[in-house]
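> If you want the building blocks of each chain, they are given just below.
There are 4 protein chains.
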Amino acid sequence: MSIGLATARSVVDEALAVGRQHGFKPLTVVVLDAGGHVVAAAREDGASNNRFEIAHGKAYGALALGMGSRALMERAEQQAYFISAAAAALGGRLIPVPGGVIVRGDDGAVEGAVGISGDTSDNDETAAAKAIQAVGLTAQVA
Amino acid sequence: MSIGLATARSVVDEALAVGRQHGFKPLTVVVLDAGGHVVAAAREDGASNNRFEIAHGKAYGALALGMGSRALMERAEQQAYFISAAAAALGGRLIPVPGGVIVRGDDGAVEGAVGISGDTSDNDETAAAKAIQAVGLTAQVA
Amino acid sequence: MSIGLATARSVVDEALAVGRQHGFKPLTVVVLDAGGHVVAAAREDGASNNRFEIAHGKAYGALALGMGSRALMERAEQQAYFISAAAAALGGRLIPVPGGVIVRGDDGAVEGAVGISGDTSDNDETAAAKAIQAVGLTAQVA
Amino acid sequence: MSIGLATARSVVDEALAVGRQHGFKPLTVVVLDAGGHVVAAAREDGASNNRFEIAHGKAYGALALGMGSRALMERAEQQAYFISAAAAALGGRLIPVPGGVIVRGDDGAVEGAVGISGDTSDNDETAAAKAIQAVGLTAQVA
Numbered sequence: 001m002s003i004g005l006a007t008a009r010s011v012v013d014e015a016l017a018v019g020r021q022h023g024f025k026p027l028t029v030v031v032l033d034a035g036g037h038v039v040a041a042a043r044e045d046g047a048s049n050n051r052f053e054i055a056h057g058k059a060y061g062a063l064a065l066g067m068g069s070r071a072l073m074e075r076a077e078q079q080a081y082f083i084s085a086a087a088a089a090l091g092g093r094l095i096p097v098p099g100g101v102i103v104r105g106d107d108g109a110v111e112g113a114v115g116i117s118g119d120t121s122d123n124d125e126t127a128a129a130k131a132i133q134a135v136g137l138t139a140q141v142a
Numbered sequence: 001m002s003i004g005l006a007t008a009r010s011v012v013d014e015a016l017a018v019g020r021q022h023g024f025k026p027l028t029v030v031v032l033d034a035g036g037h038v039v040a041a042a043r044e045d046g047a048s049n050n051r052f053e054i055a056h057g058k059a060y061g062a063l064a065l066g067m068g069s070r071a072l073m074e075r076a077e078q079q080a081y082f083i084s085a086a087a088a089a090l091g092g093r094l095i096p097v098p099g100g101v102i103v104r105g106d107d108g109a110v111e112g113a114v115g116i117s118g119d120t121s122d123n124d125e126t127a128a129a130k131a132i133q134a135v136g137l138t139a140q141v142a
Numbered sequence: 001m002s003i004g005l006a007t008a009r010s011v012v013d014e015a016l017a018v019g020r021q022h023g024f025k026p027l028t029v030v031v032l033d034a035g036g037h038v039v040a041a042a043r044e045d046g047a048s049n050n051r052f053e054i055a056h057g058k059a060y061g062a063l064a065l066g067m068g069s070r071a072l073m074e075r076a077e078q079q080a081y082f083i084s085a086a087a088a089a090l091g092g093r094l095i096p097v098p099g100g101v102i103v104r105g106d107d108g109a110v111e112g113a114v115g116i117s118g119d120t121s122d123n124d125e126t127a128a129a130k131a132i133q134a135v136g137l138t139a140q141v142a
Numbered sequence: 001m002s003i004g005l006a007t008a009r010s011v012v013d014e015a016l017a018v019g020r021q022h023g024f025k026p027l028t029v030v031v032l033d034a035g036g037h038v039v040a041a042a043r044e045d046g047a048s049n050n051r052f053e054i055a056h057g058k059a060y061g062a063l064a065l066g067m068g069s070r071a072l073m074e075r076a077e078q079q080a081y082f083i084s085a086a087a088a089a090l091g092g093r094l095i096p097v098p099g100g101v102i103v104r105g106d107d108g109a110v111e112g113a114v115g116i117s118g119d120t121s122d123n124d125e126t127a128a129a130k131a132i133q134a135v136g137l138t139a140q141v142a
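Protein chains in written order, with the UniProt record's numbering: chain Z, 1 to 142; chain X, 1 to 142; chain B, 1 to 142; chain W, 1 to 142.
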């Protein structure tokens with residue numbers, strides 16, 4: 001089952017709450033369904049102009065290749081040319097640093113992905129993973 | 001002053017409420033700041049895959065040329081080649097049918113835009129305009 | 001001889017002066033050299049976000065096909081598919097309405113082009129042509 | 001408050017004056033508003049064809065990610081694949097070397113950005129920072 005709007009908005013709220021709780025810089029959160037299409041997004045005041053595109057690319061790229069964007073980073077460190085070519089093939093919709101987390105349901109099926117950008121990549125990922133868990137779903141970071 | 005996240009989320013909520021009240025088909029709502037960058041978005045369950053891109057293009061195109069997307073449609077009916085060329089110049093981020101509404105503040109300054117897609121273009125525009133007015137801002141549909 | 005910066009800035013100043021004198025809406029003026037590369041640009045306060053791209057496309061398209069953008073419009077009215085395909089071939093850098101004017105020197109050689117957007121296409125063209133003439137050069141509108 | 005044309009043109013003049021005073025190679029200066037849209041540009045005689053695009057990408061990328069382009073370079077030196085992917089996500093509008101400087105007002109708010117290309121990246125940045133300070137605004141280089 002793909003993520004619906006109610007769940008997506010809860011994930012956004014939870015992620016922003018994590019950010020505020022930890023004192024992260026302003027976050028931008030994007031939630032995609034299993035097909036990689038936008039369900040919900042929010043960009044906090046003070047976030048720079050194009051954080052949506054970065055957060056989106058983390059989530060879209062994760063679903064595109066079936067691994068959290070942390071695994072995309074690991075691949076980029078080994079074979080930068082592959083990730084560069086994949087990003088080009090996807091029209092730029094792949095950002096290979098942590099913060100793009102795949103969402104799985106009880107049965108292990110992919111339900112969507114969450115992308116966050118704004119603080120360090122590690123903190124972006126933390127906010128995404130905690131938010132996914134807070135709504136009772138499973139986070140796949142790599 | 002550009003639209004912030006709190007206002008943008010209120011606009012999204014109001015627009016979805018209008019849609020439910022009138023029995024519109026599932027709506028996708030995108031709110032952009034004055035620079036044309038995503039602040040908030042929501043796509044209701046049952047909306048087709050790429051409604052975000054359509055709603056986004058209505059709002060982005062409105063801000064790009066400084067007129068509601070209803071005026072873009074009127075121009076397209078007179079000079080389709082101009083609107084087609086403008087869309088290409090903007091990387092496809094211009095959708096010339098009603099539903100892209102510029103948001104102005106008390107002083108008349110542009111604060112952002114709202115794009116909605118899902119029902120008829122006229123109904124999409126109605127939801128956008130009502131939502132903007134509900135949060136105390138001014139809607140420019142053409 | 002291609003347009004240099006001093007001449008380009010004079011053209012911008014003259015065009016903005018024409019706009020103010022006639023009460024035109026805020027204008028955006030782009031001056032390209034003979035190779036189609038930006039030499040100078042100015043976007044007046046109150047002009048919408050992407051007027052640079054529109055003004056640029058008028059001037060770039062004019063140089064691309066060797067005719068003022070009024071002639072591109074006439075061609076679009078006869079063969080919209082040709083202009084649409086040409087715009088695509090040029091990465092969207094062709095806007096086929098008046099306001100893109102080729103600049104020629106005493107010897108008739110192409111020295112560059114001026115693109116203006118903001119008021120009606122006819123008024124945009126008037127501002128461009130008058131500005132070119134004011135600096136002692138020849139304007140080719142079609 | 002976003003940068004208006006009068007301020008943008010003063011920044012261009014100051015930057016070109018710095019260039020001449022220090023004997024820099026011909027400079028291209030682009031000033032963007034807070035939304036990343038062109039307000040003013042000038043390319044000095046002798047500058048190569050596409051210096052506008054380079055200067056633009058320094059300024060646009062700085063606003064996109066909320067850091068001067070010197071910080072983009074530092075990130076590129078650590079994670080080239082991230083900056084490469086971000087550039088692709090932004091349609092190529094990100095050039096990660098010094099010379100893209102964010103402009104802030106008295107209250108610290110982002111008012112726009114200046115991008116300069118033509119001499120060494122360090123000198124490009126110097127011209128941008130000095131020009132921003134000369135008009136009474138604050139320059140953020142990283």
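Treat the hints as calculated values from the structure; they're not laboratory data.
Heads up, a few of these hints could be off.
As the list claims (entries may be wrong) - Partial pick of chain Z residues on the chain W-facing surface, computed with a CB cut under 8 Å: (1) Glu-44; (2) Ile-54; (3) Ile-83; (4) Ser-84; (5) Ala-85; (6) Ala-89; (7) Arg-93.
Virtual Cβ for every residue (Gly too), placed ideally from N, Cα, C.
> Hint by hint, note whether the structure agrees.
Results for each hint:
Interface hint status for Glu-44 of chain Z: violated, as the beta-carbon distance to the closest one in chain W is roughly 12 Å, over 8 Å. Contact between Ile-54 of chain Z and chain W, as hinted, is supported at the beta carbon level, the nearest pair being about 6 Å apart and thus within 8 Å. Taking 8 Å as the C-beta contact cut-off toward chain W, the hint placing Ile-83 of chain Z at the interface holds, the least distance being around 5 Å. At about 6 Å, the closest approach between the beta carbon of Ser-84 of chain Z and any beta carbon in chain W falls short of 8 Å, and the interface hint on this residue holds.
Hint status for Ala-85 of chain Z: violated, given a least beta-carbon distance of 11 Å to chain W, over 8 Å. A cut of 8 Å between beta carbons decides the hint on Ala-89 of chain Z: the least distance to chain W is about 10 Å, and the hint is violated. Checking Arg-93 of chain Z against chain W by beta carbon gives a least distance of about 7 Å; that is within 8 Å, so the hint holds.
When each numbered hint is compared with the structure, violations occur for hints 1, 5, 6.
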